[in-house]
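For the sequence shown, position 592 (counting from the first letter as 1) is numbered 592 according to full-length UniProt numbering, and the numbering increases by one without interruption.
What the hints contain is simulated information worked out from the structure, not anything from laboratory work.
Any given hint might turn out to be false.
[What the hints assert, rightly or not] The following label-pair restraints were derived from C-beta to C-beta distances:
hint: 1; residue 1: 470; residue 2: 86; range: 35 to 45 Å
hint: 2; residue 1: 3; residue 2: 334; range: 58 to 68 Å
hint: 3; residue 1: 165; residue 2: 611; range: 36 to 46 Å
hint: 4; residue 1: 480; residue 2: 634; range: 52 to 62 Å
hint: 5; residue 1: 57; residue 2: 166; range: 29 to 39 Å
hint: 6; residue 1: 11; residue 2: 43; range: 20 to 30 Å
hint: 7; residue 1: 307; residue 2: 11; range: 49 to 59 Å
[What the hints assert, rightly or not] Each computed DSS-like pair below joins lysine-lysine, with the alpha-carbon atoms no more than 30 Å apart:
hint: 8; residue 1: 44; residue 2: 80
hint: 9; residue 1: 675; residue 2: 636
hint: 10; residue 1: 174; residue 2: 410
hint: 11; residue 1: 270; residue 2: 233
hint: 12; residue 1: 51; residue 2: 80
hint: 13; residue 1: 410; residue 2: 233
hint: 14; residue 1: 233; residue 2: 337
hint: 15; residue 1: 270; residue 2: 337
hint: 16; residue 1: 30; residue 2: 51
hint: 17; residue 1: 174; residue 2: 80
hint: 18; residue 1: 174; residue 2: 407
hint: 19; residue 1: 44; residue 2: 233
hint: 20; residue 1: 174; residue 2: 30
hint: 21; residue 1: 44; residue 2: 30
Yeah, the Cβ is synthetic: ideal placement off N, Cα and C, and Gly gets one too.
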Amino acid sequence: MHRLERLLRPRSIAVFGGAQAAAVVAQSIKMGFAGEIWPVHPTKDEVAGRKAYRSVAELPGAPDAAFVGVNRHLTIEVIKALAERGAGGAVCFAAGFLETEAYDEDGERLQAELVAAAGRMPIIGPNCYGLINYADGALLWPDQHGGIRLAEGGRGVAIITQSSNIAINMTMQKRGLPIAFLMTAGNQAQTGLSEMALGLIEDDRVTSLGLHIEAFDSVAGFENLAARARELKKPIIAMKVGRSEQARQATVSHTASLAGSDAASGAFLKRLGIARVDSIPAFIEALKLLHVTGPLPGYRLSSMSCSGGEASVMADSAEGRWVNFPVLTDTHRAHVKSTLGPLVAVANPLDYHTFIWNNEPAMTATFTAMVSGGFDLNMLVLDFPRPDRCSDTDWWATLRAFESALKTNKAQGAIVSSLPENLPEEYTAGLMARGMVPLFGISEAMDAAQAAAFIGWAWRQPQAQPIDTSASGAPAGDHITPDEAEAKARLIEAGLPVPRGERAGNAVEAVISSMALGFPVALKALGVTHKSELGAVRLNLRDAESVSTAAHDLDPLGTGLYVERMVRDGVAELLVGFTRDPMFGAVMTLGTGGVLVELLRDSVTLMLPATRDDIEAALRGLRLFPLLEGYRGRPKADVAAAIDAISGIAAFVQQNAGEIEELDINPLIVCAQGKGAWIADALLVLGEKKNV
Numbered sequence: 001m002h003r004l005e006r007l008l009r010p011r012s013i014a015v016f017g018g019a020q021a022a023a024v025v026a027q028s029i030k031m032g033f034a035g036e037i038w039p040v041h042p043t044k045d046e047v048a049g050r051k052a053y054r055s056v057a058e059l060p061g062a063p064d065a066a067f068v069g070v071n072r073h074l075t076i077e078v079i080k081a082l083a084e085r086g087a088g089g090a091v092c093f094a095a096g097f098l099e100t101e102a103y104d105e106d107g108e109r110l111q112a113e114l115v116a117a118a119g120r121m122p123i124i125g126p127n128c129y130g131l132i133n134y135a136d137g138a139l140l141w142p143d144q145h146g147g148i149r150l151a152e153g154g155r156g157v158a159i160i161t162q163s164s165n166i167a168i169n170m171t172m173q174k175r176g177l178p179i180a181f182l183m184t185a186g187n188q189a190q191t192g193l194s195e196m197a198l199g200l201i202e203d204d205r206v207t208s209l210g211l212h213i214e215a216f217d218s219v220a221g222f223e224n225l226a227a228r229a230r231e232l233k234k235p236i237i238a239m240k241v242g243r244s245e246q247a248r249q250a251t252v253s254h255t256a257s258l259a260g261s262d263a264a265s266g267a268f269l270k271r272l273g274i275a276r277v278d279s280i281p282a283f284i285e286a287l288k289l290l291h292v293t294g295p296l297p298g299y300r301l302s303s304m305s306c307s308g309g310e311a312s313v314m315a316d317s318a319e320g321r322w323v324n325f326p327v328l329t330d331t332h333r334a335h336v337k338s339t340l341g342p343l344v345a346v347a348n349p350l351d352y353h354t355f356i357w358n359n360e361p362a363m364t365a366t367f368t369a370m371v372s373g374g375f376d377l378n379m380l381v382l383d384f385p386r387p388d389r390c391s392d393t394d395w396w397a398t399l400r401a402f403e404s405a406l407k408t409n410k411a412q413g414a415i416v417s418s419l420p421e422n423l424p425e426e427y428t429a430g431l432m433a434r435g436m437v438p439l440f441g442i443s444e445a446m447d448a449a450q451a452a453a454f455i456g457w458a459w460r461q462p463q464a465q466p467i468d469t470s471a472s473g474a475p476a477g478d479h480i481t482p483d484e485a486e487a488k489a490r491l492i493e494a495g496l497p498v499p500r501g502e503r504a505g506n507a508v509e510a511v512i513s514s515m516a517l518g519f520p521v522a523l524k525a526l527g528v529t530h531k532s533e534l535g536a537v538r539l540n541l542r543d544a545e546s547v548s549t550a551a552h553d554l555d556p557l558g559t560g561l562y563v564e565r566m567v568r569d570g571v572a573e574l575l576v577g578f579t580r581d582p583m584f585g586a587v588m589t590l591g592t593g594g595v596l597v598e599l600l601r602d603s604v605t606l607m608l609p610a611t612r613d614d615i616e617a618a619l620r621g622l623r624l625f626p627l628l629e630g631y632r633g634r635p636k637a638d639v640a641a642a643i644d645a646i647s648g649i650a651a652f653v654q655q656n657a658g659e660i661e662e663l664d665i666n667p668l669i670v671c672a673q674g675k676g677a678w679i680a681d682a683l684l685v686l687g688e689k690k691n692v
């Protein structure tokens with residue numbers, strides 16, 4: 001039995017406090033909770049019509065769940081008494097704990113005391129509203145909510161949010177999303193979001209899980225959650241906030257300006273097979289689609305509408321997304337065309353015109369022909385007229401025709417309204433029961449389809465290894481930045497592809513070194529972070545005179561000179577960077593390199609360890625990649641060598657995870673096929689060496 005079993009699915013509830021506690025009692029009674037409800041109050045004989053008890057000791061038994069709605073000091077006492085009595089768990093409503101540490105020195109101490117008082121008994125919060133179990137009618141919830149109890153044998157989604165107000169708002173949705181459980185996480189003083197989620201997905205009545213995340217409680221916890229969700233075939237959607245947070249100010253490296261905490265969070269979720277959405281409406285629609293269809297097998301969509309305008313909007317909405325409307329094959333187009341008149345142009349998205357509107361046999365034939373194309377999700381754009389002024393009688397023939405087409409082809413389908421208010425909530429349950437997912441809003445429908453298709457794709461891949469968090473934790477206080485010569489010496493020692501180079505103390509030594517290395521050479525000022533911006537690098541120097549002139553120009557800019565063989569036959573420049581993330585350890589960024597890194601922002605973030613397949617997939621996702629494949633007759637790049645180099649650099653970082661704060665390879669020059677990939681510049685930032 002999961003540790004949270006009694007708390008999540010209680011047969012007895014104890015309630016402590018004043019107005020909020022009374023609301024909890026009333027809400028559970030209203031929802032039809034069949035178990036025992038035991039209010040505890042020092043003076044009242046009854047609360048909301050239920051007998052009140054004076055203390056934990058007087059309760060008839062050890063409650064499975066408790067709602068503790070008293071002040072923060074008394075909360076600790078109540079939790080201690082519940083733990084000693086053997087209660088199954090408690091929700092701690094009170095604020096004033098760790099969340100107040102910035103202005104209240106007692107908050108951190110009181111939270112530690114609360115956790116100690118709970119011992120092995122699970123607690124949720126503090127500083128949270130609690131739990132709504134719509135499956136059993138058990139509400140540890142002190143405020144209004146807009147949900148309804150699941151029907152006997154019914155199923156729904158589970159939602160966990162770190163914001164109680166967002167949780168309330170989600171219960172008020174009129175989009176037809178059936179909710180089985182809703183939880184708020186609060187401070188996660190003892191029980192983290194990932195553990196709550198594990199407890200919820202074990203319930204057979206939960207079909208999928210939605211997480212609103214402000215911060216991850218545990219890397220290992222989320223990895224366990226994702227693995228179990230995959231095993232149970234219960235997909236997870238996440239809305240991770242903090243995209244605009246500048247968790248890392250642009251520091252000495254290009255990588256740090258690209259690889260903030262949000263990029264790392266996105267890479268972590270992707271690695272786990274958890275789909276990320278960016279808005280509450282998309283969150284709800286994605287959960288609804290997954291509730292009905294589960295993960296989609298692919299990204300191929302079809303769309304039908306009786307308007308060319310709607311067809312165009314649908315087509316445009318797929319731009320820039322992985323989901324797409326594939327062109328119909330000649331055979332398929334002819335099949336659809338045979339069901340329509342000569343004036344209809346057959347395409348995907350399909351505008352079937354109004355010629356067959358309200359002609360159910362004709363619409364059934366057209367829809368059946370269109371859906372026969374084996375699409376992963378079939379969409380019918382249908383906005384209902386407003387019921388106070390119009391009639392929707394004719395719309396039901398369209399729905400019956402679409403339902404028939406889906407059943408005939410054993411296909412998945414969705415009704416998509418262009419405006420959310422144009423799909424009545426009272427129709428949603430019936431549509432889902434008939435196999436048609438009601439999706440509110442075209443953009444949100446696309447977000448939902450993409451999320452479901454991503455999970456389907458992720459579950460077909462081998463499960464990723466646990467990430468290497470050995471370099472996680474707070475960054476070291478003091479940083480050391482070796483110059484390029486020293487940084488490259490370490491890379492060469494690790495067997496990485498670095499062009500031959502030598503340190504030079506003055507112009508004469510630079511000339512001697514360049515002659516020994518062989519022309520052309522590059523000359524750089526050492527001890528300068530962003531050389532290009534400061535004019536501290538000269539390239540393609542082809543003779544001793546040009547080296548001497550350049551050396552005299554560069555010598556005053558830094559702490560010495562570095563001469564290096566020029567890399568020839570370069571096809572493209574990549575950025576390969578690593579930063580230490582406090583949660584995830586060393587995080588890798590791959591992207592288009594050169595001096596325009598921040599401007600182009602063509603990059604992808606990966607967790608470590610990363611396989612060769614991970615690296616190749618990341619490279620293929622860059623806008624730069626066609627250049628590596630020989631864009632418009634240009635030479636093809638040595639992609640295999642680039643992957644070898646990137647894999648080697650990643651291994652070097654992992655082997656030195658305890659001391660590397662940042663590593664910025666910019667550029668990694670990828671040459672023509674057979675000529676390798678070379679580390680042309682390297683910026684290394686070291687911290688105090690940690691024991692790992």
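Quick check: does the Cβ-Cβ distance between residue 57 and residue 166 fall within 29 to 39 Å? holds (37 Å)
Mind checking the alpha carbons of residue 270 and residue 233 for me, to see if they're no more than 30 Å apart?
holds (17 Å)
For this session: Indicate whether the distance between the beta carbons of residue 165 and residue 611 respects the range 36 to 46 Å.
Result: At 41 Å between Cβs, range holds.
Practice task
Please test the hint of 35 to 45 Å on the beta carbon pair from residue 470 and residue 86.
Solution key: With a Cβ separation near 39 Å, residue 470 and residue 86 satisfy 35 to 45 Å, so the hint holds.
Q | Pairwise hint evaluation, residue 80 against residue 174, where the allowed Cα distance is 30 Å at most | A | Roughly 41 Å separates the two Cα atoms, so the pair is violated.
Would you mind confirming whether the straight-line C-alpha gap from residue 174 to residue 30 stays at or under 30 Å?
holds (21 Å)
Run the distance test for residue 51 versus residue 80: straight-line Cα separation, threshold 30 Å.
holds (23 Å)
Note to self: Assuming the hint says 52 to 62 Å, is it satisfied by the Cβ distance from residue 480 to residue 634 or not?
What the structure shows: violated (41 Å)
_Looking only at beta-carbon atoms, does the pair residue 307, residue 11 fall within the given range of 49 to 59 Å?_
At roughly 54 Å between Cβ atoms, residue 11 and residue 307 fall inside 49 to 59 Å, so the hint holds.
Given the hint that residue 410 pairs with residue 233, does the C-alpha gap stay at or below 30 Å? Holds. Residue 410 to residue 233 sits at ~20 Å (cutoff 30 Å).
Q. Under the criterion that the straight-line Cα-Cα distance not exceed 30 Å, is the pair residue 233, residue 337 satisfied?
A. Given pair residue 233, residue 337 is violated - Cα atoms ~39 Å apart, limit 30 Å.
Checklist line | 30 Å Cα cutoff - pair residue 44, residue 30 | finding: At roughly 21 Å apart (the allowed maximum being 30 Å), residue 30 and residue 44 satisfy the hint.
Comparing the model with each numbered hint stated earlier shows that hints 4, 14, 15, 17, 19 do not hold.
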